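Asks: Chains as they are written, first to last, in this note's numbering: chain U, 0 to 179; chain X, 86 to 370.
Incorrect hints may appear among the rest.
Here are the in silico distance ranges between beta carbons for each label pair [stated by the list, open to error]:
no.: 1; chain 1: X; residue 1: 207; chain 2: U; residue 2: 147; range: 21 to 27 Å
no.: 2; chain 1: U; residue 1: 37; chain 2: X; residue 2: 227; range: 49 to 55 Å
no.: 3; chain 1: X; residue 1: 183; chain 2: U; residue 2: 52; range: 51 to 57 Å
no.: 4; chain 1: X; residue 1: 179; chain 2: U; residue 2: 142; range: 48 to 54 Å
no.: 5; chain 1: U; residue 1: 170; chain 2: X; residue 2: 111; range: 46 to 52 Å
Derived DSSO-like pairs (lysine-lysine); straight-line CA-CA distance at most 27 Å [what the hints assert, rightly or not]:
no.: 6; chain 1: U; residue 1: 148; chain 2: X; residue 2: 107
no.: 7; chain 1: U; residue 1: 102; chain 2: X; residue 2: 107
no.: 8; chain 1: X; residue 1: 111; chain 2: U; residue 2: 148
no.: 9; chain 1: X; residue 1: 111; chain 2: U; residue 2: 147
no.: 10; chain 1: U; residue 1: 25; chain 2: X; residue 2: 126
no.: 11; chain 1: U; residue 1: 52; chain 2: X; residue 2: 239
no.: 12; chain 1: X; residue 1: 126; chain 2: U; residue 2: 102
no.: 13; chain 1: U; residue 1: 52; chain 2: X; residue 2: 107
no.: 14; chain 1: X; residue 1: 107; chain 2: U; residue 2: 147
no.: 15; chain 1: X; residue 1: 107; chain 2: U; residue 2: 65
no.: 16; chain 1: U; residue 1: 65; chain 2: X; residue 2: 111
Partial list, derived from the structure: chain X residues whose beta carbon lies under 10 Å from chain U [as the list claims (entries may be wrong)]:
no.: 17; residue: 101
no.: 18; residue: 102
no.: 19; residue: 117
no.: 20; residue: 118
no.: 21; residue: 269
I should point out that these hints are in silico values taken from the structure, not numbers from a laboratory. Predicted, not measured: the structure shown is a model, and the values here were computed from it. Just so you know, even glycine gets a beta-carbon here, dropped at the ideal spot from N, CA and C.
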Amino acid sequence: MEKNIFDLMQSKKSQDELAVLVSCNKMTEKFGLSLTKEDAQELVVRRNDSLRKYQRVEFGNGILDKLICTFCDSQYINQDNYLRTLEQLQDIFYEFKNEAEDKLTDDELLTFMSEQFESVCFGDIEYLESTCLERFAAAVRAGYDGYKKTGGHNEYEKVDEESRWDKELYLEVVRELFWG
Amino acid sequence: MQNDMSYEMEELLPIVIWLTEKYTSKESSSVPYETAQVLLKAVMYCIDECISGNQTGLVSENAKLSARAAYERGYEVIFEKVREAKVLYDQIIQDFEDYRCKNYSDTILKGMPGFFTRYDARFSPQEHLLTLDYPLLSGNPDLCGIDLILAYLKGIHFEKQILDCFDQSAIRNLLEKIRPGYQNLYLDNVCYPVLLGAIGCLIADRPVHTLQLSKKDYGDIRLYFRGDNAEKIKLKIQKIIHMIISQIQGLDDPMYFDPVCSSYAVRISEGLRNHSLENVMVSTL
Numbered sequence: 000m001e002k003n004i005f006d007l008m009q010s011k012k013s014q015d016e017l018a019v020l021v022s023c024n025k026m027t028e029k030f031g032l033s034l035t036k037e038d039a040q041e042l043v044v045r046r047n048d049s050l051r052k053y054q055r056v057e058f059g060n061g062i063l064d065k066l067i068c069t070f071c072d073s074q075y076i077n078q079d080n081y082l083r084t085l086e087q088l089q090d091i092f093y094e095f096k097n098e099a100e101d102k103l104t105d106d107e108l109l110t111f112m113s114e115q116f117e118s119v120c121f122g123d124i125e126y127l128e129s130t131c132l133e134r135f136a137a138a139v140r141a142g143y144d145g146y147k148k149t150g151g152h153n154e155y156e157k158v159d160e161e162s163r164w165d166k167e168l169y170l171e172v173v174r175e176l177f178w179g
Numbered sequence: 086m087q088n089d090m091s092y093e094m095e096e097l098l099p100i101v102i103w104l105t106e107k108y109t110s111k112e113s114s115s116v117p118y119e120t121a122q123v124l125l126k127a128v129m130y131c132i133d134e135c136i137s138g139n140q141t142g143l144v145s146e147n148a149k150l151s152a153r154a155a156y157e158r159g160y161e162v163i164f165e166k167v168r169e170a171k172v173l174y175d176q177i178i179q180d181f182e183d184y185r186c187k188n189y190s191d192t193i194l195k196g197m198p199g200f201f202t203r204y205d206a207r208f209s210p211q212e213h214l215l216t217l218d219y220p221l222l223s224g225n226p227d228l229c230g231i232d233l234i235l236a237y238l239k240g241i242h243f244e245k246q247i248l249d250c251f252d253q254s255a256i257r258n259l260l261e262k263i264r265p266g267y268q269n270l271y272l273d274n275v276c277y278p279v280l281l282g283a284i285g286c287l288i289a290d291r292p293v294h295t296l297q298l299s300k301k302d303y304g305d306i307r308l309y310f311r312g313d314n315a316e317k318i319k320l321k322i323q324k325i326i327h328m329i330i331s332q333i334q335g336l337d338d339p340m341y342f343d344p345v346c347s348s349y350a351v352r353i354s355e356g357l358r359n360h361s362l363e364n365v366m367v368s369t370l
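Construct the entire structure; sequences and hints are all you get.
Replies: Shown next, in the form of C-alpha cells:
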C-alpha cells in the first residue's frame with residue numbers, strides 16, 4: 000500500500016510538470032538554451048529513475064525548474080550539452096541530498112553545486128560529484144553547519160584540500176622569468 | 086468519505102503531501118522513502134484515531150467527514166490522549182513506590198518523562214519512543230504511539246493501587262526471596278508474584294497484606310486445589326482475584342486480571358504436580 004502511494008505521487012506530478020519545464024524556455028532562451036517537449040519528457044523519465052535509484056519521493060513542482068533556473072546562465076552549458084548536463088546534475092542533486100543526510104535544503108545544495116560548477120570544477124560534473132560534493136557532504140555528516148548562515152555560498156574553500164592560487168609563488172616565478 | 090470511514094489512497098495523498106511540506110518547511114522538494122513512510126503512517130494513525138474515536142461515539146456515524154477532516158479530528162484525539170496520559174502519570178508519581186526495583190523505577194521515573202517531552206503528535210504520532218522495559222502484569226499491549234503509552238500507564242496505575250494495599254517491606258522481602266539482589270536483577274512485573282502470594286494467603290485464610298505462608302498453609306492450598314485440572318484452577322483463581330479486587334476501593338476493572346489467571350493456573354498446576362508449590366507461591370516467611 001505504501002509503495003502504491005509513492006507511485007501515485009510520482010504519476011500525479013508528471014501530468015503538469017512537462018508544461019512547467021517547457022515554460023522555463025522563456026527564461027533560458029536568452030542564454031541560447033531551450034528544451035523541446037521530448038527533452039522535457041526525457042528529463043522527467045530520468046528524474047524518476049534517479050528518485051528510484053536514491054529511494055526518494057518528490058512533492059510539488061520538484062527540483063527540475065529550480066535546477067534550470069540555477070544553471071541556465073552557466074558559461075559551461077550550451078544547447079549541445081544542455082539536456083545531458085541537466086540529467087547529470089539532477090542525478091547528483093538527489094545523490095547528495097542523501098549523502099548529506101537531508102540536512103541541506105534544496106537551495107543550499109543548489110547554490111553550492113552551481114558555485115563549484117562555475118569555479119573550481121570549470122564545468123566538470125565528475126569533479127563536482129566525486130570531489131567537491133563528496134567533501135562537503137562528509138563535512139555536513141560530521142556536523143558542520145556553517146552553510147546555514149551562508150546559504151551554501153562560499154562554502155567549498157572551507158573543505159577544499161588543494162591550494163588553488165598562491166600569489167607569492169606566482170610573483171616569484173614572474174620575477175625569476177623576467178628579472179632573474 | 087465512505088460510510089465505513091475507510092479512505093482511498095488518492096484521498097490520503099494530499100494530506101501526506103501537506104504534512105511533508107510542513108515537515109521540510111517547504112525547503113526540500115523531496116524526502117527519502119523512510120521519511121515518507123513515517124509521514125504516511127502518521128496520517129493513517131491520526132485517521133485510525135478518528136475511526137476508533139467514532140466507535141466510542143466521538144464522531145457521529147452519519148457525519149460525512151473528508152479524509153482531511155478525519156485526520157484533523159484524529160490529531161485532536163491524540164492530543165486529548167496525551168493530556169489524559171500526563172494527568173495519569175502525575176497521579177502515579179505523586180506517591181510512587183518502586184520497592185527498590187531498578188527496572189520498575191527506571192521505566193516509570195526516568196523513561197516516561199522523556200515520552201512527554203519528545204513525543205511528536207504531528208510527524209510521528211505512531212512512535213512511542215520508549216521500550217517500556219518494565220512489563221505490565223499481562224504483558225504490554227500490542228499498540229503503538231500514545232495508545233500504547235496511555236494503556237500502559239492505565240495498567241501501571243491499576244497495578245499500583247493493588248501494590249499499595251500491601252506492606253512495602255513484605256513486597257521487598259518477597260522480591261528478595263524470589264531473586265536475591267532483585268534490586269538490579271528483577272526484570273519481571275512486581276504485581277505478579279504479589280498477587281499470587283495474596284491468592285495463597287486468602288486460600289489459607291492468612292492476613293493477605295503480609296504475604297506470609299507457613300508449611301501448614303501450603304498444605305491447605307494443596308487441599309483446596311486437589312483433583313483440579315488447570316481449567317478448574319483458573320476458574321477458582323478468577324473468583325479469588327475478583328474477591329480481592331472488590332475489596333480495594335477505586336478498582337473497577339476486575340477483568341484486567343483475567344489474562345493472567347491462565348498463567349497462574351498453569352504454574353499452580355505444575356507446582357502441585359511437582360510438589361513445589363512453595364516455589365510458585367513464595368512466602369515472605
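Asks: Between the alpha carbons of residue 52(U) and residue 239(X), is the straight-line distance 27 Å or under?
Replies: violated (46 Å)
Asks: Does the nearest C-beta of chain U fall within a distance shorter than 10 Å of the C-beta of residue 117(X)?
Replies: holds (6 Å)
Asks: Tell me if the beta carbons of residue 170(U) and residue 111(X) are separated by a distance inside 46 to 52 Å.
Replies: holds (49 Å)
Asks: Given the hinted pair residue 107(X) and residue 65(U), is their Cα-Cα distance within 27 Å?
Replies: Between residue 107(X) and residue 65(U) the Cα gap is close to 20 Å, so the pair holds against 27 Å.
Asks: Does residue 101(X) pass the interface hint, meaning its C-beta sits closer than 10 Å to a C-beta of chain U?
Replies: Where the cut-off is 10 Å and the nearest Cβ of chain U is about 7 Å from residue 101(X), the hint holds.
Asks: Check whether the Cα positions of residue 148(U) and residue 107(X) lie no farther apart than 27 Å.
Replies: Holds: residue 148(U) and residue 107(X) sit about 22 Å apart, inside 27 Å.
Asks: Holds or violated: residue 111(X) with residue 148(U), Cα cutoff 27 Å?
Replies: At roughly 18 Å apart (the allowed maximum being 27 Å), residue 148(U) and residue 111(X) satisfy the hint.
Asks: Should the interface hint for residue 102(X) be scored as holding, given a Cβ-Cβ cut-off of 10 Å against chain U?
Replies: Residue 102(X) check passes; min Cβ-Cβ to chain U is 5 Å, inside 10 Å.
Asks: Are residue 118(X) and chain U close enough, Cβ to Cβ, to be under 10 Å, as the hint says?
Replies: holds (5 Å)
Asks: CA of residue 111(X) to CA of residue 147(U), is that 27 Å or under?
Replies: holds (15 Å)
Asks: Need the status of pair residue 25(U), residue 126(X): alpha-carbon distance at most 27 Å?
Replies: Distance of about 41 Å is beyond 27 Å: violated.
Asks: Residue 52(U) and residue 107(X) were given as a pair; does the straight-line alpha-carbon distance stay at or below 27 Å?
Replies: holds (25 Å)
The structure does not agree with the numbered hints 4, 10, 11, 21 stated previously, though it agrees with the rest.
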